[in-house]
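Chemist: This is what each chain is made of:
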Amino acid sequence: MQTDPALSPGTDLGTVLNLLPVGACMVDPESGEILLANDAAACILDVAAAQDLIGRSLLQLVQRRRRREVRDYLRHVMETAPLPRFFHERLELAGGRQIDLEVAAGILNLGDRPVIQLAFRDITDQISAEAALRESEALFRSLAETTDAAIFLFRGAYNIHVNAAACRITGFDYHELVAMPFWQILHPDFRDLVRERGLARQQGEHVDSQYEVAILTKRGETRWLQYAGNVIDYQGQPAVLGTAIDITDRKQIEQALQESEARFRTLAHVSPASITVHVDDRVVYANPAAASLTGLSEKELQETDFWSMLHPDSVETMQRAYERMGRGESVSDLKLQVTVKHSATRWIEVNWCPFDHQGKTAWIITGYDITALVEAEQVLRNNARRLETLSEIDRLGLLVTSRQEIAGSVLELIRSLIPCDQASIIETDPTQHSYVVMAVSPLTDNGIRPGRRFKAVRWRSVPEDLAQGVYLVPDLERLARRTPFQKELHRAGLRSYIAVPLAAQQKLLGMMILASRQTDSFSAQVQTTALEVARRVAMVLHNAQLFGELESSHRRLEELSRRLVQVQEIERRAIARELHDEVGQTLTALSIHLELASRVGLEEQAQRLAETRRLVEDLTDRVRRMSLDLRPPMLDDLGLLPTLLWYFDRIAQQYRLQVTFEHHGIERRFDADIETALFRIVQEALTNVARHAQVQTASVRLWADSATISAQIEDKGQGFDPDFVLSRNNTSGLRGMQERVRLLAGKLVIEAQPGSGACLTALLPLHEARHT
Amino acid sequence: MIRVVLVDDHGIVRQGVRTLLEEQADILVIGDCEEGAQALTLVQRMQPDVLVADLMMPGLGGLDLIQRVRQSNPATQVVVLSMHANVAYVAESLRRGAIGYVIKQADIRELVSAVRAAAGGKRHLSPGIDEAGVRESLRLSATAPIDPLEKLSQRERQVLECVARGHTNAEIAASLGLSRRTVETHRANMMRKLGLESQADVIRFALRRGLLPIEP
Numbered sequence: 001m002q003t004d005p006a007l008s009p010g011t012d013l014g015t016v017l018n019l020l021p022v023g024a025c026m027v028d029p030e031s032g033e034i035l036l037a038n039d040a041a042a043c044i045l046d047v048a049a050a051q052d053l054i055g056r057s058l059l060q061l062v063q064r065r066r067r068r069e070v071r072d073y074l075r076h077v078m079e080t081a082p083l084p085r086f087f088h089e090r091l092e093l094a095g096g097r098q099i100d101l102e103v104a105a106g107i108l109n110l111g112d113r114p115v116i117q118l119a120f121r122d123i124t125d126q127i128s129a130e131a132a133l134r135e136s137e138a139l140f141r142s143l144a145e146t147t148d149a150a151i152f153l154f155r156g157a158y159n160i161h162v163n164a165a166a167c168r169i170t171g172f173d174y175h176e177l178v179a180m181p182f183w184q185i186l187h188p189d190f191r192d193l194v195r196e197r198g199l200a201r202q203q204g205e206h207v208d209s210q211y212e213v214a215i216l217t218k219r220g221e222t223r224w225l226q227y228a229g230n231v232i233d234y235q236g237q238p239a240v241l242g243t244a245i246d247i248t249d250r251k252q253i254e255q256a257l258q259e260s261e262a263r264f265r266t267l268a269h270v271s272p273a274s275i276t277v278h279v280d281d282r283v284v285y286a287n288p289a290a291a292s293l294t295g296l297s298e299k300e301l302q303e304t305d306f307w308s309m310l311h312p313d314s315v316e317t318m319q320r321a322y323e324r325m326g327r328g329e330s331v332s333d334l335k336l337q338v339t340v341k342h343s344a345t346r347w348i349e350v351n352w353c354p355f356d357h358q359g360k361t362a363w364i365i366t367g368y369d370i371t372a373l374v375e376a377e378q379v380l381r382n383n384a385r386r387l388e389t390l391s392e393i394d395r396l397g398l399l400v401t402s403r404q405e406i407a408g409s410v411l412e413l414i415r416s417l418i419p420c421d422q423a424s425i426i427e428t429d430p431t432q433h434s435y436v437v438m439a440v441s442p443l444t445d446n447g448i449r450p451g452r453r454f455k456a457v458r459w460r461s462v463p464e465d466l467a468q469g470v471y472l473v474p475d476l477e478r479l480a481r482r483t484p485f486q487k488e489l490h491r492a493g494l495r496s497y498i499a500v501p502l503a504a505q506q507k508l509l510g511m512m513i514l515a516s517r518q519t520d521s522f523s524a525q526v527q528t529t530a531l532e533v534a535r536r537v538a539m540v541l542h543n544a545q546l547f548g549e550l551e552s553s554h555r556r557l558e559e560l561s562r563r564l565v566q567v568q569e570i571e572r573r574a575i576a577r578e579l580h581d582e583v584g585q586t587l588t589a590l591s592i593h594l595e596l597a598s599r600v601g602l603e604e605q606a607q608r609l610a611e612t613r614r615l616v617e618d619l620t621d622r623v624r625r626m627s628l629d630l631r632p633p634m635l636d637d638l639g640l641l642p643t644l645l646w647y648f649d650r651i652a653q654q655y656r657l658q659v660t661f662e663h664h665g666i667e668r669r670f671d672a673d674i675e676t677a678l679f680r681i682v683q684e685a686l687t688n689v690a691r692h693a694q695v696q697t698a699s700v701r702l703w704a705d706s707a708t709i710s711a712q713i714e715d716k717g718q719g720f721d722p723d724f725v726l727s728r729n730n731t732s733g734l735r736g737m738q739e740r741v742r743l744l745a746g747k748l749v750i751e752a753q754p755g756s757g758a759c760l761t762a763l764l765p766l767h768e769a770r771h772t
Numbered sequence: 773m774i775r776v777v778l779v780d781d782h783g784i785v786r787q788g789v790r791t792l793l794e795e796q797a798d799i800l801v802i803g804d805c806e807e808g809a810q811a812l813t814l815v816q817r818m819q820p821d822v823l824v825a826d827l828m829m830p831g832l833g834g835l836d837l838i839q840r841v842r843q844s845n846p847a848t849q850v851v852v853l854s855m856h857a858n859v860a861y862v863a864e865s866l867r868r869g870a871i872g873y874v875i876k877q878a879d880i881r882e883l884v885s886a887v888r889a890a891a892g893g894k895r896h897l898s899p900g901i902d903e904a905g906v907r908e909s910l911r912l913s914a915t916a917p918i919d920p921l922e923k924l925s926q927r928e929r930q931v932l933e934c935v936a937r938g939h940t941n942a943e944i945a946a947s948l949g950l951s952r953r954t955v956e957t958h959r960a961n962m963m964r965k966l967g968l969e970s971q972a973d974v975i976r977f978a979l980r981r982g983l984l985p986i987e988p
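Listed in order, the protein sequences are those of chains A and B.
Take the first sequence: its position 653, counting from 1, is numbered 653 in our numbering, and each next residue is one higher.
Just remember that our numbering sits 772 ahead of the position in the second sequence, which is counted from 1.
Please keep in mind that the hints were generated in silico from the structure rather than gathered at the bench.
Accuracy of the hints is not assured; some may be wrong.
[To be verified] Reference listing, derived: stretches of chain A covered by chain B, where coverage requires no fewer than 3 residues with Cβ under 8 angstroms from a Cβ of chain B:
hint: 1; region: 549-555
hint: 2; region: 662-674
hint: 3; region: 747-761
[Claimed, not checked] Across the chosen pairs, the derived CB separations fall in these ranges:
hint: 4; chain 1: A; residue 1: R614; chain 2: B; residue 2: E903; range: 22 to 28 angstroms
hint: 5; chain 1: B; residue 1: A960; chain 2: A; residue 2: R555; range: 43 to 49 angstroms
hint: 6; chain 1: B; residue 1: G869; chain 2: A; residue 2: R614; range: 32 to 38 angstroms
hint: 7; chain 1: A; residue 1: R614; chain 2: B; residue 2: R911; range: 33 to 39 angstroms
hint: 8; chain 1: B; residue 1: L921; chain 2: A; residue 2: T519; range: 54 to 60 angstroms
hint: 9; chain 1: B; residue 1: R790; chain 2: A; residue 2: E569; range: 42 to 48 angstroms
hint: 10; chain 1: A; residue 1: R449; chain 2: B; residue 2: L983; range: 49 to 55 angstroms
hint: 11; chain 1: B; residue 1: T915; chain 2: A; residue 2: K747; range: 22 to 28 angstroms
hint: 12; chain 1: A; residue 1: V600; chain 2: B; residue 2: G900; range: 26 to 32 angstroms
hint: 13; chain 1: B; residue 1: L921; chain 2: A; residue 2: H767; range: 23 to 29 angstroms
Note that CB positions come from ideal geometry on N, CA and C, so glycine has one too.
So here's chain B without its partners, still in its complex pose (with noise of 0.2 angstroms):
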């Protein structure tokens, strides 16, 4: 017996989904509720094989009880119902645990699969979702460390490269064309990006880099 706990604002289509699923022999619904903390007590007490939660709801929203359950009660998967076919919300849920992803408007009756595979720990998205996109979206939200080289302007660029040359403020201000104190500015403001705190450590930044060629 599949053990579910339903939460969605709508009661009507609340009310829909427990009729659709109770008609299965299987499953069994064991609370519902129209709201993400009271579903939140409610997976805590009850326990359920699987949570089915809308995405959008007032209070707690969807993506931040998915995140709550996977923490709290790490046995009970989540099936996502949502009226967004967006890969960016399938993938924001699957980011935060949810196993099964069922949009709203496809048939409804996708649901029971989804309820099943997640009880057996299997993931299912509803068919017109884009898995690709999906995996890509995924990979794309990973956060990365941006080369901090890409931070700096083009004129903070060329302060650095000058300055990693042992160019005096003068000698660039004079190279550049700008005025000394411009070119103090943007040589605070390179360092500070970059994190670096002595021209030694410019240089060694420039060579790590290569934009100082090592030279023999």
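Just chain A, same shape as in the assembly (with noise of 0.2 angstroms):
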């Protein structure tokens, strides 16, 4: 310690020297002895205070064995010149602790002898960190040596240290390793990133220390790293040690994995098909057309047993495709029917495909929607056996001509195209307001039994509303009231029907009830079949009622005819005698008397001839009226309206009856039949007015326009009951003129009631209108 100048002679040089942070002292370089020495001396060499080192041998303080080293370390600052400013000794005190102290000795002139000034530090605490580093720098570059993990250890951009297995992978050696910056062996994809991490880091975020980075090797070849980063305190100052795994291998595999995959998911994610994967019965992955499919997404399809899907109908085939399925076989196009989201069912064509999964027999499962393909089979079929059957009704039409036995064996064809438990053709009959069973299929000793009569309730008499549709009766158990049919049905344990209008010509001939034991067994599909059937069905009934009406109209007319030729024979029977007795009578007597008058003389002849004339004027009267009697003439020559005219003249002198007329537009001639049957009509009409309705008094309307003709004869006299009369088939008159106007296509209406009048009106269509 050199004497600092701004001290000045007189200052204590003790008070200066415990200013001083470091330990100071002086020694006498012969004897050792301290001669003035600070607090922060007595510190560190153990000493209580400085005073208690003043006077004390130096070497005293030290161990005996080491005494002649400070002898010697004291001889050797006093010969040593200049000396080094600083240098370390090491010290073993007295006490046995050893001390490492950094000192700074000079030579001091005190007085007149040179004195040794030491000043020191304690090193000591300095000195043990600094091998304990040493040893673990040791152990750490022993360790990085032998791991097969990369080591770089770099500091800034610059690698301090790396290790063989960064070289062996970075395949640069140590050198040129140290010399470049560390990003330089990255990947070029990957200088961005980690320049960014270490950015966040040194700027205090969380960052992940492990990621995965590729790398660039000395040869161009990419290698894949798992990297670890931390910094740590290397030689006294922050580096970052990473240690790195070749990861390459792994990497490229899991690469080659994922690559693979997602050529599957892509093909699978545009593939029409629906592709699931299930493992251990369980979806892990469903494509988009699954979810369009199934209608259910995929995480719904993950949650979804696929047993559960399956239609009952299904489940037996897909149970013998699980079994071949259980012995690896890969199961292709089979048909199954699921049920989706909605309810709804669908059809599709699987086919399953296993593949290993991690020790496991996964399935790769492909699904078609064959729907549409799988319905429009059925619809073919069902088509099919739809015509079949309407063919088989239309022959069963041509071949059989009574009703019931038509409805009984088209019930047997229905019910085996529309399956039900009892089916039955029911009959309206309008005149007593019910309906009456015509067949049922199969005869069950049940209350619907053929001939049945069922009264209505509530009768319709046009339903057109019935004629339309198909009444549904989804479940007779929960009808608040039920018809005397629907009772019926409930007795017999049925539980759901239909009844399908039969209708022909705007007419319902009666009904087509298909009944189950079911509830709610006609689908809609079923419905439109029964409603195309019962159209069908109808027709043929239809064609068989009118076969019968004209059956019986072929008789009516026989019958007619039959009556026609009697009262012909009648008419000629009349004419022959009238002509016989009337005619030829007085045919004889003009022939006598022309005799008579050709004998006599002139005056006599005069008086026979008158007489002669006299017969002859009466044979033209009677002549005449035989010819209107049969027919008049005036109807051919002159037409309806004079005829009428002169036929209310004559029925008021022949029965005393008063007929008033009125016309409006019949002055004019109508076909030859259409003025015959108006003319009966109202002849014959009057003429059961004069004979049984006891009055003096009538009307006659008549009028016509372009399309029709109408006569009305109203009387306000006694009446009658038209359908008792109608159904004497007596001579009323009544029959023929509904006769005559059926056979020209017309409408008779007959109003009548004992006791107030009758009112029969006859319409007639004229021209094209008219058919007959």
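Both chains are sitting in their own frames, so use the hints and assemble them into the complex.
Modeler: Printed below as a string of structure tokens:
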């Protein structure tokens, strides 16, 4: 220690020394006696106070065996000039404690003799820390050299140290690695990432200490490293210790897998076929087509058990397939019906293909929605059966004429087409406001049997609403009130039914009833089929009915013509008698008179001739009346109007019946059959009035337009019951009128009641409106 | 001189009539034929004063002939010579335009009077003809509009009254004991027969015909 010039000579040196932060003392070079020391020195040297040091030899402070070293040191100080400013000494103190000191020594002339001035600082802790570090570094280095993990130790941009594994992985040697900025070995794709991470780390953000990076080796190959970086204190300064494991092989496998999976997913994603991957009966993957097929999301699919989606009809098929799959066989082209969202069912064609998944058998299931195809097939099949049934029904209509028989056979056919527990055909009977069972299939001993009549609760004479669609009762049990027929169905254990109208030409003939023991057993499709079949059945039944009517009309015509022949014969007989009795007799008389006239004289001759002339007039009159009675010639000559006028005059004379006649539009000629029919109707009606009504007046009205001609005969007489009169099938003439009108496609309205007169209205179509 | 054309399909009758007429100094038969169409041609060519025609002829009948002649030659008067004394024939002949009607069975000389009367524009009917009956027949055969109400059936009349009173079909059905569909049918027929289109028409009709009392 050199004398500080700032110190004045009078300043106490001890005081000055005590101000120093380091231990300081002055020592006699020869004896090692401490001449002066400060408190810091006392502290370092394990002495209570600076005072205790003064006067003691420095040698005494150290272990005996070290005294020589101290003495040598002091000598060395004295001899070596200039001294190094700082040097390191190790002392072993008297107490046995070793201390390391950093010492600065100088020679000072105190008075006339030189003394050694020492300033020192305890660096024991520092030395031991360095030693520990050196030790750990040695351990680290040996570890680093032997590990497979690459180790990069870098500070700033440069590696300070790398290990052998780093060299092996990167292909660079130690020197090359240490000489290059660390990022240079990074794959270009990762440089930014690593830079950002580094930046973030420096800014104190939390950054994952592990990540995977790609590097480029010296040979330009890409290698993948799993890298972990930590900031450590290296040689007293922070450095980054990066360890990296080569994961290139794993990465390549992984990438290959990813690529293949990505290819699979891409393919699967765009595939129109439904693709699902099943592991342990669970869906682990489902593509969009699968989702759209089932209406379920991928997540929902994953939570859905495949078996629960199966339609009951397909369970058995699936079980058989499952057994084959259990043997590891793949299953292809399996047609299954599945229930998807909203209870809809769809048909799918499914292929099962097994693959190994982590030691287990997993399945890739591809499915195609073939619902449309299957439905089309079903529709085709159904259509074929429907057509077959329809043509069978038609054939029945041609072969069989009995409606009951047709109905019975038709029901058999229908039951083979539409499954039901009982089918029946009931006929409407508008006159009795009731329904009659026509046929039942199968025939059981329940209350629905042929011939049974059911009174309508609420009769509808023109049930157009019924004629248009199917009447469906999904559950008889749930009806608040049941009609007699429904009660009978219910009693027979039937639960649901459809009633299909049998209508032909706007007329309800009856109904076809299909009943089932199940509720809700008639789908819309079945109803459509039933309706279609019913139309055909109605047609066939209607034809049979028409045929029946034709037959009866044929019989009526036969009856009519038989009666006509009878009437004709009666008339001929009357004419013959009249000709013989009246005309013949008169002619005979004439002949006699003429004979007489030729023989007598002129005077008498005139008288005879006058007599003859009277006979001729009488004969003429008789012949004319006869001809009028048979058929008024004026009907042909003059037409309807003059004939009617003549007839009213005649009936007034004959029966004392006054006719009030009104007409409009008939002062022209009509077809002869129309004129005849109307004349006969008026004639017949007025004759009836004259004979039975017990009145003196009647009204006749005729009117015609371009399409129709109508005649109305009304009286306020006794009246009659039309049904009764018509049913008596007698000579009232009403039936004759009906026949005439029917032949001309007209309409006859009979309004009559006993006690309140009668009104007959005949309406006949004219021209093309008529078809006889 | 009265120029006459004669048409009758019976040759004997025609010959007899011709002889009869030609005996008359003031009558000249300028033509005869046996068929209506020929007669029409003859009349149009000869322009006679009088055509004596039978009613019953094949082809163009007497009645049509009268009408055609009266249309094409109004100056030619027609006298019918017919075996029918029936008023219907007479009335019809007159309606068609004949001026005289002579019955064949009557004294055939009466025809001469009829032809002379016709030439003078006067009507002549054989004495045996019921002239009052003919007039009545002519009156009756005149067409007259029929009261449309008469055309309705009893039910339709009932329905008409109910509709006019503003009842609905359901109410009418209930009060008449009919089904609603039947009432609808009656209602449609009634309106068609009366040529009515709306309920307002029905009410107007009923008011006009006194079916509905006009209330203050």
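Chemist: Should the hint that T915/B and K747/A are 22 to 28 angstroms apart at their CB atoms be regarded as holding?
Modeler: Roughly 24 angstroms apart at Cβ, these two residues keep to the hinted range, so it holds.
Chemist: If you check the beta carbons of L921/B and H767/A, does the distance land in 23 to 29 angstroms?
Modeler: Given a distance of about 27 angstroms, which is inside 23 to 29 angstroms, the answer is holds.
Chemist: Taking the beta carbons of R449/A and L983/B, is their distance inside 49 to 55 angstroms?
Modeler: For R449/A and L983/B the Cβ distance comes to about 53 angstroms; the hint holds.
Chemist: Does 54 to 60 angstroms hold as the CB distance between L921/B and T519/A, or does it fail?
Modeler: With a Cβ separation near 57 angstroms, L921/B and T519/A satisfy 54 to 60 angstroms, so the hint holds.
Chemist: Honestly, do V600/A and G900/B meet the 26 to 32 angstroms range at C-beta?
Modeler: holds (29 angstroms)
Chemist: For the region 549-555 of chain A, do three or more residues have a beta carbon lying closer than 8 angstroms to a beta carbon of chain B?
Modeler: violated (count 0)
Chemist: Lying within 42 to 48 angstroms: is that true of the beta-carbon distance R790/B to E569/A?
Modeler: The hint (42 to 48 angstroms, Cβ to Cβ) holds, given that R790/B and E569/A are roughly 45 angstroms apart.
Chemist: Quick check: do three or more residues in the region 662-674 of chain A have a beta carbon closer than 8 angstroms to a beta carbon of chain B?
Modeler: holds (count 6)
Chemist: Take the C-beta atom of G869/B and the C-beta atom of R614/A, compute their distance, and say whether it sits inside 32 to 38 angstroms.
Modeler: holds (35 angstroms)
Chemist: Against the range 33 to 39 angstroms, how does the distance between the Cβ atoms of R614/A and R911/B compare: consistent or not?
Modeler: holds (34 angstroms)
Chemist: Three residues minimum, CB to CB under 8 angstroms: does the region 747-761 of chain A make the cut for coverage by chain B? Let me know.
Modeler: That given contact holds, which follows from 4 residues of the region 747-761 of chain A lying within Cβ reach (below 8 angstroms) of chain B.
Chemist: Does the hinted range 22 to 28 angstroms hold for R614/A and E903/B at CB?
Modeler: holds (24 angstroms)
In terms of the numbered hints stated before, the structure departs from hints 1, 5, listed from lowest to highest.
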